[in-house]
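Peer 1: Put together the whole structure using the sequences plus the hints.
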Amino acid sequence: MSSRSPSAPDAADAPPLGTSDVKDRAQRSIIALGLRTLGSLGLRVVSSLALSHLLFPGDYGAFAIVAFTAAMGAFLGDLGLSASLVRQQHEPTQDEISTAFWSHQAFTVLIVGVILLLAPWLSRSYELGPSGAAMVSVMALGLFFHSLRVIPIMVLERQLRFPTLARIELVEGIAQTATTILLAWLHCGAWSLIGGGLVRGGLG
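Mapping to the UniProt record's numbering: the sequence shown position 77 is 77, numbers consecutive.
None of these hints come from the bench; they were simulated from the model.
Where a beta carbon is used, it is the ideal one built from N, C-alpha and C, also for glycine.
Just so you know, not all the hints are guaranteed correct.
[Stated by the list, open to error] Cβ-Cβ distance ranges computed for the label pairs, FRET-style:
(1) L186 with I31: 25 to 31 Å
(2) D24 with V86: 37 to 43 Å
(3) S84 with F144: 28 to 34 Å
(4) L203 with L49: 21 to 27 Å
(5) R28 with V114: 18 to 24 Å
(6) A50 with D95: 20 to 26 Å
(7) E127 with H187: 19 to 25 Å
(8) L182 with S40: 27 to 33 Å
Peer 2: Given below as structure tokens:
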């Protein structure tokens, strides 16, 4: 009996889409993706205008280094597993979904462990300051949020449910922007950007 991914929808149980269903969902997806792009652009403009008065260039520099480390971890943690499930012609079975989910979790645990071990060295190498190691560590732990959403997102993409994805991303973007601006107003510096990212990941 196969184990089930606790966070993955039942893609294997979804009924096949007919030609008319695919066409209808494709049309709605185009509209949803366009609205998502406009919404994301608006949020970036609001965020940039607000944070330009609340944060210093050094805050952005420190965050960029920390965020790059986390982004590399997220990339290595996936290893193309979710993309392969999206591209395959047949609907993923529950075993395939479960295997991809737990493999992703295992890779994430390994990568987070490595980043946590390297955090002090990265902080010294890039002169991130006294809180540099803590920032790297927190961003690394945030990779678990990313890992939990990869397979559910894959399932939604296969089902062409892009309007749902657009709504999710819009809510995440609003929460991230609001949190970042609030923390910056409270003089949290680079932690404002980290906090906003964690809130976005937690909602996902």
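Peer 1: Next, verify each hint and record whether it holds.
Peer 2: Taking the hints in turn, this is what the structure says about them:
Our hint of 25 to 31 Å for L186 and I31 is violated, since their Cβ atoms are close to 38 Å apart. Distance hint for D24 and V86: a CB-CB separation of about 20 Å, inconsistent with the stated range 37 to 43 Å. A hinted range of 28 to 34 Å is violated for the C-beta pair S84 and F144, which are about 22 Å apart. About 23 Å separates the C-beta atoms of L203 and L49, a value consistent with the hinted range of 21 to 27 Å.
Range check, R28 to V114: Cβ separation about 42 Å, and the 18 to 24 Å hint is violated. Take A50 and D95: their Cβ atoms lie about 47 Å apart, and the range 20 to 26 Å is violated. Look at E127 against H187: about 21 Å separates their beta carbons, and that is inside 19 to 25 Å. For L182 and S40, the hinted distance range of 27 to 33 Å is not satisfied, since their beta carbons lie about 19 Å from each other.
The structure fails to meet hints 1, 2, 3, 5, 6 and 8 from the earlier list, while all remaining hints are met.
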